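Colleague: Single-letter residue listing:
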Amino acid sequence: MGRTVHGRGGTLQEALDAAVRDLLDTDEVEVRLEGDQVDGWTGVARIDIEVTAVSDPADDAEDDASEEDAAAVEASEEEDEQPASDEPPLVSPQDLDEEADAAADFLEGLLDAMDLPGDLRIKLHEDHAELEGIDIGSGALIGRRGQTLDAIQELVRCSLQRQFQRRARVKIDAEGYRSRRLEKLVEKADEAIDAVLDTGEAERLEPMDVFERKAIHQMVAEVDGLTSRSQGREPARRVIIEQE
Amino acid sequence: MRSEDVLEFVAKQLVDHPDEVRIEVDEDDRETVLELHVHEEDLGKVIGKRGRTAKAIRTLVKAAGALDDENVTVEIVD
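Here the protein sequences line up with chains F and L, keeping their order.
For the first sequence, numbering that gives the first Met the number 0 assigns the number 0 to the initial residue and increments by one for each residue that follows.
For the second sequence, numbering that gives the first Met the number 0 assigns the number 0 to the initial residue and increments by one for each residue that follows.
Looking at chain F on its own, in the form it has when it is part of the complex (with noise of 0.2 angstroms):
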């Protein structure tokens, strides 16, 4: 029945924009102002609420489904039994200003532990960083199928965890490799959303990490008739395209 989401921004407005996003089809919803907080660094107000769908024609399935909803809208799950399912929680941009800060101060010292050349390229995007290591002259930090990188990865995600407490949102990338291998990604999805579309059967498609599901789950959302969720644990969660 009720499903609630969560919503947070700059004005209570924006909170509930975020949060609604996904309940568009609902015709009423009940808000619940959970607290406020003012920013004492940017003075910034954040405000979280929450938003609960009185009459909400999406079916149980669906709630599977909400980890891909736009980066705005945390789902309320619990982190500690859905470790893999973790779609982005909305982030300000100081915040994730830091975070690529840090990532970079791991990523520079990890070359230089290594003893490898190159440089790093920071890229700020609404809802995540990109770090990419660049110039470095060998495959050394992507590895077999992109192992090395997985686990740097992984790595800088627990470093950041510990140091801010939150889930961070840095991408790392290296020489472009994740840039190709998305390509590729979206290729593949493109041929499955075809195919579910001829045949109507369900396609799973090969495991990916948090931001390739996210690009992947865009694509299919703006697909009439299908809809797509993840499955499975990471480092193998995968994504299934099905029809609605």
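If you are wondering where the hints come from, they were derived from the structure by calculation, not from laboratory data.
Fair warning: this is a prediction, and the values are worked out from it, not measured in the lab.
Errors might be hidden in some of the hints.
Just so you have them, the derived chain L footprint on chain F, three or more residues with Cβ under 8 angstroms [unchecked claim]:
#1 103 to 113
#2 153 to 164
Calculated cross-link-like contacts (lysine to aspartate or glutamate; reagent style DMTMM-like; alpha-carbon spacing at most 20 angstroms) [as the list claims (entries may be wrong)]:
#3 LYS54/L x GLU233/F
#4 LYS48/L x ASP149/F
#5 LYS44/L x GLU186/F
#6 LYS11/L x ASP104/F
#7 LYS11/L x ASP111/F
#8 LYS44/L x ASP114/F
#9 LYS11/L x ASP114/F
#10 LYS11/L x ASP126/F
#11 LYS61/L x ASP18/L
#12 LYS54/L x ASP100/F
#13 LYS61/L x ASP114/F
#14 LYS61/L x GLU40/L
#15 LYS61/L x GLU107/F
#16 LYS48/L x GLU202/F
#17 LYS11/L x GLU107/F
Quick reminder that beta carbons are idealized off the backbone N, C-alpha and C, glycines included.
Model the placement of chain L on the given structure of chain F, informed by the hints.
Modeller: The following block gives chain L in isolation, referenced to the frame of chain F:
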């Protein structure tokens, strides 16, 4: 030795007591065993849920070892 430097660096990034990170090296012709010692409160941090962090540490340290043609194993000790 790059594998040892990487292990030390990474371990210190993960723990609350970086001063108590210590590495013992045991080398023979075939392989290098790096024994990682951390403060007991930090043990969970270097192992992680279902050993996920430990696995990532091993992968990365092995990659660093490969740069020096070393076969490296990491053992975590409290």
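Colleague: Could you run down the list of hints and mark each one as holding or not?
Modeller: To see whether the hints hold, each was checked on the structure:
Coverage of the stretch 103 to 113 of chain F by chain L holds [criterion: at least 3 residues with CB-CB distance below 8 angstroms; count 6]. Proximity of the stretch 153 to 164 of chain F to chain L, defined as three or more residues with a beta carbon under 8 angstroms from a beta carbon of that chain, is established by the 5 residues found. Taken as a hint, the LYS54/L and GLU233/F pair is honoured in the structure, with Cα atoms around 13 angstroms apart against an allowance of 20 angstroms. For the proposed pair LYS48/L and ASP149/F, the alpha carbon gap of about 16 angstroms is at most 20 angstroms, so the pair holds.
A hinted pair counts as satisfied when its Cα atoms are at most 20 angstroms apart, and LYS44/L with GLU186/F does not qualify at roughly 38 angstroms. Restraint check for LYS11/L and ASP104/F: satisfied, since their Cα atoms lie roughly 13 angstroms apart, inside the 20 angstroms limit. The straight-line distance between the Cα atoms of LYS11/L and ASP111/F is roughly 14 angstroms, inside the 20 angstroms bound, and the hint therefore holds. Simply put, LYS44/L and ASP114/F have alpha-carbon atoms about 26 angstroms apart, too far for the 20 angstroms limit, and the pair is violated.
With a C-alpha separation of about 18 angstroms, the suggested pairing of LYS11/L with ASP114/F holds against the 20 angstroms cut-off. Restraint check for LYS11/L and ASP126/F: not satisfied, since their Cα atoms lie roughly 28 angstroms apart, outside the 20 angstroms limit. Our distance criterion of 20 angstroms between C-alpha atoms is broken by LYS61/L and ASP18/L, whose separation comes to about 24 angstroms. With a C-alpha separation of about 25 angstroms, the suggested pairing of LYS54/L with ASP100/F is violated against the 20 angstroms cut-off.
Our distance criterion of 20 angstroms between C-alpha atoms is met by LYS61/L and ASP114/F, whose separation comes to about 15 angstroms. Of the supplied pair hints, the one linking LYS61/L and GLU40/L is violated, its CA atoms being roughly 25 angstroms apart against a limit of 20 angstroms. Proposed proximity of LYS61/L and GLU107/F is supported: the alpha carbons are some 19 angstroms apart, at most 20 angstroms. With a C-alpha separation of about 30 angstroms, the suggested pairing of LYS48/L with GLU202/F is violated against the 20 angstroms cut-off.
Using a Cα cut-off of 20 angstroms, the hinted pair LYS11/L and GLU107/F holds, with the two alpha carbons roughly 14 angstroms apart.
Checked against the numbered hints above, the structure breaks hints 5, 8, 10, 11, 12, 14 and 16 and satisfies the rest.
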